[in-house]
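With these hints in hand, go ahead and build the complete structure from the sequences.
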Amino acid sequence: MNWPGFSFLFGAWYFLALIPLVVLYFLKLKRPRLEIPSLALWQSVVNDQRVNSPFQKFRRNLLLLLQLILLCLVILALMQPFISVGPETAEYLPVLIDCSASMSSLVEGSDKTRLDLAKERIEDLRGNGKIALFAFATAGRRLTDFTDDKQILSRALQKVQTTHRASKLDEVLRMVDAVGRTLPVHRVVVITDGNLKEQVDFELPFKLEVQRVDEGGDNLGITEMNARRSGPDSWDVFVRVAGSTSEPVNGELTLTQDGKVVGREPVAASADDSERIVFSVDSIESSLIQATLKSSGFDSLELDNTVWLNLPKTRPLRVRASSDLYSWQHALNVLPELDLDSGEQPSAPEYDLIVSDSEDLAGAAAPVIVYNGVLPEELQDLITVSDVDVDDTPVQIVDWVSTALLLRHVRLRDVQIGQKARFAEGADAQDLEERGFEILVHGAEGPLMLQRRRGLETEYYFLFHTDRSTLPYRVAFPILVTNVIESAMQQASLSEVVAASTGVLPALSVTPDREYVIQGPNGETDKVRSTVNGLLTGVQADVVGKYDITDAGELVASVGTGLLSPLETSLRSVVELQFAELNVTTNESQIIDTDRHLWWTLALLAFIFLLVEWWYFQRMKTGIVA
Amino acid sequence: MTTETSSQLTSLFSNSTLNRIERMRLNPLRRLTNRSRGEHLAGKGGSSTDFADYRDYATGDDMRYVDWNIFARLRRPYIKQFLHEEELHVVIMVDASSSMLFDDKLLKARQLAAAFGIMGLLNVERVSVYGFHQREGKPWMLPPGTGRTRIRALLQFLEKLEGGGDVPVEQAIETMLRFHRGRGIAILLSDFLTFANLTRSMNLLFSSGLEVWGLQILGDSEISPNLEGDLRFVDSETGETLDITNAGELLSLYHEHRVWQEETLHQQCRSRNGRFTSINSSMTLENVLFDVLCRQGWVLR
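Order-wise, the sequence lines are chains A and B. Each step along the first sequence adds one to the number in the numbering used here, with nothing skipped, and position 151 is 151. The number in the numbering used here is simply the position in the second sequence, starting from 1, with 626 added.
Treat each hint with caution, since some may be false.
Computed, partial: chain A to chain B, Cβ under 8 Å [stated by the list, open to error]:
| id | residue |
| --- | --- |
| 1 | L27 |
| 2 | R31 |
| 3 | E35 |
| 4 | I36 |
| 5 | P37 |
| 6 | S38 |
| 7 | L39 |
| 8 | A40 |
| 9 | W42 |
| 10 | Q43 |
| 11 | V46 |
| 12 | N61 |
| 13 | D170 |
Computed list of chain B residues with no C-beta within reach of chain A, every gap over 10 Å [what the hints assert, rightly or not]:
| id | residue |
| --- | --- |
| 14 | K731 |
| 15 | V750 |
| 16 | F821 |
| 17 | H892 |
Beta-carbon label-pair distances, calculated as ranges [what the hints assert, rightly or not]:
| id | chain 1 | residue 1 | chain 2 | residue 2 | range |
| --- | --- | --- | --- | --- | --- |
| 18 | B | E882 | A | E35 | 17 to 25 Å |
| 19 | A | P32 | B | A779 | 41 to 49 Å |
| 20 | B | M909 | A | P20 | 26 to 34 Å |
| 21 | B | M909 | A | E35 | 21 to 29 Å |
| 22 | B | E912 | A | P32 | 35 to 43 Å |
| 23 | A | L65 | B | T864 | 26 to 34 Å |
| 24 | A | L65 | B | E882 | 22 to 30 Å |
Hints were generated in silico from the structure; no laboratory data involved. Glycine residues also receive a C-beta, built at the ideal position from the N, C-alpha and C atoms.
What follows is the structure, given as structure tokens:
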């Protein structure tokens, strides 16, 4: 048998009110005095055993008893009693609340969001065990420790707000797993709208119960926005609009450039059929593009209706090629929109691309650097490079990463190479990875091309000199050079820019080592200092909207973030989550075994007792009836 | 109206009622009489005109009672015996305590006492009246007397009898017995609302040769009280209080106890060859005297 528990146990103090009630009852009970000939008969009546029987005593003080019962019922109702049912009486129960953007979608016909529904469901979650609340979107956050204090849980629950991020279950599960190592956690409850990725990279050590709240309403939102340079002064802006319904929903997409409307297109999208709209925008200077979507019908999720995109100032790509790299210079010279520096010494400190046959760049820097015939100093002990002798076996290209940006559409199979890179004894690819290098081209005896990323910079290492190979004479070479230019242009945001999603603002090039103030969409401010390299990175942007970066009150740049999550916009609920070893079914009908609340029953009883008391009082005319 | 009132013999009842009362007489169940000569035939050896028996003459017998006709025929003297007429002592006790002031109970008691007294006096009984009020001190008392001439004194005594006091009926009986001598009838006019058991008092009366006639006079507020709610009753005699919660709920019990008390008193009186009845003070005197008491055999017309 489950004894009833109380959500507000401190309410028991109100039982002290019974004392003044009884005292006041007897003090206030001013009986009318009535002189009668003799008390003899009445005394015998009072002495009668029937009058003094418990029932008769009860009847004599019925009014007081009714008031006592009424007060007790009211106090008991105030203490919010409940009867625990179901297995949530487990000792430790983590409850994970989905706070992703889709949880802020409105339920059609109601002003409640999915999160509100989830909260209502969790508010009923009471038990004899201890509960810990976790909130998760992209990352997990622990709201409370394991506690059976309903007040703490309620307060934590009230503070839960939706984030403008996509949901991801992995991290919070790992967090719970870490908690479960010190406490006996056998079951975890997830309250979500089911808008999760089907694949979860996690091995479940506990039983997971995923409970879905009701479906959200219809939604139409922007899931993708990018721009590609279409000419020297023009950009093609691509906006993808997706919906959540099976039938297409109409809307209107408006594009503004620095506040000025530059395009307006009707759109129609459904869950299975998104629509991609292209706007042509002229832009010489940097400008801020804002795409705003307005649905013609009910739009459940407001967050995905606005996206910002920064178009950079157009300029030619600054390329530095070593003076001895004729093949590269020749290939680069034929490409348009390119400012090539092939002098002995670099003429500028910064380039967009450097192609060098030496590790020493003579003070120049670029986000994309291609080293030709250079073995990085860090790998001297792992790899040796030597010329191929006549007696040597020819260098054989075994494989290459065709998906790498640089090697896209590049065929290296028949390339003859005059230099051979070999792994040192005992060294292998894993050693290279440990030092931050990725092999792009594999030779039979060692790597031939490496890639290393350093922050925003990407370095490519040809371990053989391209001039000591047949590569420059192959079709693959101009393709390779074009890929390099494309990579550099992307890195410099000269060819293609992508709208930033919530999370962290894209890195901005600013004055080195200077403090900037970032003002968010809701007016919140944050101070971030730029790196010595002049990058402003790691700026948190959890909210959809425009962020202004100011330096001493002067606006430096404006960057916007959008939700840009097809998953969140679709509001789709997954039926089954696929974990590493097993699948977990999400179930809408299977709600959490909630406690049976008794307060309303007690309140109803109190009301009935109030009516009975009123009736009894009205019926009983105090005093002597004439 | 004033003339009519002034012509009344008493303020207790009208002359017409008095005339009817004068034609009535008390009807005791047993002949508890005094040896002194009176109106009640007590047996042979009396001097009344009613013949009872003959007996042989004995020396010293009154020669006047010798039946000379018998002597002439039988030549032996026989004494004629007549029924003896003895005197009945009527003791009327009027409870004049405070409780009798309610609902004109005392008035009814005084009227009835006067009626009983007149009946007694006109039937050559010795009539004495006691009015009880205070626990302490002597009761108001009309000394025993007989004859029509005592009627005025009787009526004056009762007219002046005032209520008030806290004497219980059992104490009143004991007090009366300290002053009273003689056999007869003790008529108790009271509401009998007492905490005590009256068995002892009844025994005292019976052992004193008094036939107990208990006449309980209750008012409407006692016979059919209309009470509701929580009340604090105050005893009119003692001033004691009693808190009653939801009196309306207890009325049925109250009636049970009242009826039980009546039955108890009735049984106590009947077991001592007495009478008992209970009347409502709102009843008219005529109704009580000429209907209720006649039907129950208290009085004869």
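The hints, checked one at a time:
no. : hint                        : verdict
1   : L27                         : violated (14 Å)
2   : R31                         : holds (4 Å)
3   : E35                         : holds (5 Å)
4   : I36                         : holds (5 Å)
5   : P37                         : holds (3 Å)
6   : S38                         : holds (4 Å)
7   : L39                         : holds (4 Å)
8   : A40                         : holds (5 Å)
9   : W42                         : holds (6 Å)
10  : Q43                         : holds (6 Å)
11  : V46                         : holds (7 Å)
12  : N61                         : holds (7 Å)
13  : D170                        : violated (72 Å)
14  : K731                        : violated (8 Å)
15  : V750                        : holds (37 Å)
16  : F821                        : violated (5 Å)
17  : H892                        : holds (16 Å)
18  : B:E882 to A:E35: 17 to 25 Å : holds (23 Å)
19  : A:P32 to B:A779: 41 to 49 Å : holds (45 Å)
20  : B:M909 to A:P20: 26 to 34 Å : violated (52 Å)
21  : B:M909 to A:E35: 21 to 29 Å : holds (23 Å)
22  : B:E912 to A:P32: 35 to 43 Å : holds (37 Å)
23  : A:L65 to B:T864: 26 to 34 Å : holds (32 Å)
24  : A:L65 to B:E882: 22 to 30 Å : holds (25 Å)
Hint check: violations occur at hints 1, 13, 14, 16, 20; the rest are consistent with the structure.
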